[in-house]
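All chains should be modelled from the sequences, with the hints used to inform the complete structure.
As you go down the protein sequences, you meet chains A and B in turn. Final position of the first sequence in my numbering is 229; the numbers increase by one with none missing. Final position of the second sequence in my numbering is 301; the numbers increase by one with none missing.
Read the hints as simulated data drawn from the structure, not as lab findings. Every residue gets a Cβ at the ideal spot worked out from N, C-alpha and C, and that includes glycine. Certain hints may be false.
Claimed, not checked - Pairs of lysine-lysine residues, derived as PhoX-like cross-links and limited to a Cα-Cα distance of at most 25 Å, are as follows:
id: 1; chain 1: A; residue 1: K97; chain 2: B; residue 2: K207
id: 2; chain 1: A; residue 1: K53; chain 2: B; residue 2: K269
id: 3; chain 1: A; residue 1: K15; chain 2: A; residue 2: K30
As the list claims (entries may be wrong) - A partial selection of chain B residues facing chain A, derived with a Cβ cut-off under 10 Å:
id: 4; residue: N98
id: 5; residue: A211
id: 6; residue: I216
What the hints assert, rightly or not - Anything over 12 Å on all C-beta distances counts as not near chain A; from chain B, calculated:
id: 7; residue: T18
id: 8; residue: Y53
id: 9; residue: E96
id: 10; residue: M113
id: 11; residue: E144
id: 12; residue: S166
id: 13; residue: W168
id: 14; residue: N170
id: 15; residue: G175
id: 16; residue: I178
id: 17; residue: T212
id: 18; residue: S214
id: 19; residue: R215
id: 20; residue: L218
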Amino acid sequence: MINFNNVTKVYKSGTEALKNVNLAIKKGEFAFVIGPSGSGKSTMIKLIMKEEEPTGGELYVNGLDTRDVDRYEIPTYRKKIGVVFQDFKLLPNKTAYQNVAFALRVTNTHGRQIRKMVPQLLAVVGLLDKANDWPGELSGGEQQRVVIARAIANNPDLLIADEPTGNLDPRTSLEIMNLMYKINQMGTTVLVATHDKSIVDTFKQRVIVLDEGRVTRDIPEGRYVV
Amino acid sequence: MWYRMYILGEVITNLNKNRVLTITSIFTIFLMLLLVGVFGIFLMNISYNSEYMNDMLEIKIFIVPGADEYREERIWEALVEDDRIRHLEFESNEQAFEKAKEIYDEEMLASLGPEILPASYTVRLKDDAVLKDFVLFAEGLPDVYTVDYHTESFEFALSLSRWVNIVSGGLAILLGTLSLFLISNTVRLAMASRVDEVIIMKYIGATESRIRLPFMLEGVTIGFTGAILAVLLVSYIYNQIFNWFITKGTEEVFISGLRLIGVKETVLVVLFSFFTLGIMLGTFGSFIAIRKNLRV
Ligand SMILES: Nc1ncnc2c1ncn2[C@@H]1O[C@H](COP(=O)(O)OP(=O)(O)O)[C@@H](O)[C@H]1O
Ligand SMILES: [Mg+2]
Numbered sequence: 004m005i006n007f008n009n010v011t012k013v014y015k016s017g018t019e020a021l022k023n024v025n026l027a028i029k030k031g032e033f034a035f036v037i038g039p040s041g042s043g044k045s046t047m048i049k050l051i052m053k054e055e056e057p058t059g060g061e062l063y064v065n066g067l068d069t070r071d072v073d074r075y076e077i078p079t080y081r082k083k084i085g086v087v088f089q090d091f092k093l094l095p096n097k098t099a100y101q102n103v104a105f106a107l108r109v110t111n112t113h114g115r116q117i118r119k120m121v122p123q124l125l126a127v128v129g130l131l132d133k134a135n136d137w138p139g140e141l142s143g144g145e146q147q148r149v150v151i152a153r154a155i156a157n158n159p160d161l162l163i164a165d166e167p168t169g170n171l172d173p174r175t176s177l178e179i180m181n182l183m184y185k186i187n188q189m190g191t192t193v194l195v196a197t198h199d200k201s202i203v204d205t206f207k208q209r210v211i212v213l214d215e216g217r218v219t220r221d222i223p224e225g226r227y228v229v
Numbered sequence: 006m007w008y009r010m011y012i013l014g015e016v017i018t019n020l021n022k023n024r025v026l027t028i029t030s031i032f033t034i035f036l037m038l039l040l041v042g043v044f045g046i047f048l049m050n051i052s053y054n055s056e057y058m059n060d061m062l063e064i065k066i067f068i069v070p071g072a073d074e075y076r077e078e079r080i081w082e083a084l085v086e087d088d089r090i091r092h093l094e095f096e097s098n099e100q101a102f103e104k105a106k107e108i109y110d111e112e113m114l115a116s117l118g119p120e121i122l123p124a125s126y127t128v129r130l131k132d133d134a135v136l137k138d139f140v141l142f143a144e145g146l147p148d149v150y151t152v153d154y155h156t157e158s159f160e161f162a163l164s165l166s167r168w169v170n171i172v173s174g175g176l177a178i179l180l181g182t183l184s185l186f187l188i189s190n191t192v193r194l195a196m197a198s199r200v201d202e203v204i205i206m207k208y209i210g211a212t213e214s215r216i217r218l219p220f221m222l223e224g225v226t227i228g229f230t231g232a233i234l235a236v237l238l239v240s241y242i243y244n245q246i247f248n249w250f251i252t253k254g255t256e257e258v259f260i261s262g263l264r265l266i267g268v269k270e271t272v273l274v275v276l277f278s279f280f281t282l283g284i285m286l287g288t289f290g291s292f293i294a295i296r297k298n299l300r301v
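In C-alpha cells form, the structure reads like this:
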C-alpha cells in the first residue's frame, strides 16, 4: 500500500525532516508512527498526501510512484486517501450531516447517493442522533468522529491521521482510536501519527518509531518503550 | 443535478455575506451597462438615420417655375462643367408632381397641375467641405429660384455623434475597469472568508474546477444581476422615448423626418449585448481573483 524507498526530505529552509526512510505498509494494515515533536511524522503524511515532494528516494502509494501523479491527477489520487488532520476542522456553519455531505458533494456525488450515504457514515461513527447538531454543540470527541466520517465518505483505501487525539482527554482519545481500528477492520489501511505513547501501548499494533527523521524502530504488534 | 442546484444556493449565501461589496459591484456593472446602453442606442439610431443624413448632404437647386427647356439646359451646362460635383440628377416638374402624389392626398392635388412645382437639380459634392461656397455659386446662377441644403443641423449631428463616441467609449472603459476591479475584490474576499472550505476541498480530492466553480459563479452572478437591472431600465427608458417620439416628438424635434429603431429590435440587441458583457466581466473578474489567490 505504502512504500518508502530510501526517502529523504529536505525543506527549502535546509531542515532535513526525513533521512533515508525505508518503510512498507501493507494493504489492510494498522500502523502507528510515533516520535517526539519535530521528528518528521507530519512530513511523512504530507509526502503521502502529495502536499510535499520527496527530495530523494521513491515513494509508492497504492502502487503508484507519487512522482508520476500529475497535478491534474492529484484530486483523483487524494480521493482515495481519507485524512484526519489537526487543521482539518469541521465547517462551523454546517451541521454534522452537512459537513459529511459537503465531502461527497464537492467530489460530485449525486444527491440521492449523498442522502443515502451520510446517515450510514454517521452511524459508523456513532453519531446518527446528532446529525443536525452544529459543530459548536458537539464535544471535542464528537467533532472528531464527524471529521472521521467525512474522511471516509469517499470510501478511501487509506485513512491517515495526524495527531487525531491531540486535544482530547485520554478516555475520548481511546474511543477515537477504537473507531479508527473499527474502520481498519472494515478493510481500510490506517496510518496514525501521534506522540501519545499511552495510546500506542494499549493497542498492540505495529509501531514505527521516528527520531530526527530516521526510522529507529519498527515493532510489529509493539509497545512503545522509551 | 441536485449538487449543481446546491452550488447556486451556496453562491447566493456567500454573496449575501459580503453584501456591501456585492451590491457595489452590481451597481457599477449596472452603471457601466446603462452608459453603454444609452450611448449605444443613440449611436445605433444615428447610423440607422445615416441614409437620411446623407440625403441632407444633397443640395437641391430649384429652377424658377415655368422655365423652358433652354433655360434648364443652360443651368445643366454650368453644373456639368463644375468639377466639384460628384453626382448630378435632374428632376422635372412632372416627376416632382408624381412624387408629391405619393405623399399628399390625391384630392388635394386634383385641381392642380405639375406647373405649380419647380423642376430641380440634385447635386452631391465630391467634398462636402466646399458646400457653402458651392451653394453661393449655385444661388448666383441665372433662373435659379432657390437652393436647399441642411448643412448646419447635419454638421451638428455628425460632430455630436463623434463626441458621444469618444466620451461614452472612454467612460465605458473606465467603468468596465472599475467593475472588473470590484468584482475581483468581492470574489477575493469571498475566498478569504472560506480558506477552511478550500483546504478541506483540496484534501478531500475535489478537482480544481470544482473548487473554483462557486467563486466563478459568484462573479458571474454579479455580472448577470447588473445586466438584468440595466436591461430593465434601458428598455423602459427607450420605450418611453419611443412613445414620446411617435406621438408628438416629430413636430418638436429639431430634425424632422428622423426615425427611431423599433423598441423590440432595440431591446433584443440590448438584452443580448448586456448579458454578454455582464457575464464576461463577471467571469473575467473572478478569474483574476482566483488566479491570484487560489493555488490548488
Ligand atoms: N514547511 C516546512 N518548511 C521547513 N521546515 C519544515 C516544514 N515543515 C516541517 N519542517 C521542519 O521539519 C521537521 C519535521 O517536522 P514535522 O514533520 O512537522 O514533525 P512532527 O510532525 O513529527 O512534529 C521539523 O524540524 C520542522 O521544523
Ligand atoms: Mg506533526
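Taking the hints in turn, this is what the structure says about them:
no., hint, verdict
1, A/K97 with B/K207, "holds (18 Å)"
2, A/K53 with B/K269, "violated (57 Å)"
3, A/K15 with A/K30, "violated (33 Å)"
4, N98, "violated (81 Å)"
5, A211, "holds (4 Å)"
6, I216, "holds (7 Å)"
7, T18, "violated (9 Å)"
8, Y53, "holds (49 Å)"
9, E96, "holds (74 Å)"
10, M113, "holds (75 Å)"
11, E144, "holds (79 Å)"
12, S166, "holds (51 Å)"
13, W168, "holds (51 Å)"
14, N170, "holds (46 Å)"
15, G175, "holds (42 Å)"
16, I178, "holds (36 Å)"
17, T212, "violated (4 Å)"
18, S214, "violated (9 Å)"
19, R215, "violated (6 Å)"
20, L218, "violated (9 Å)"
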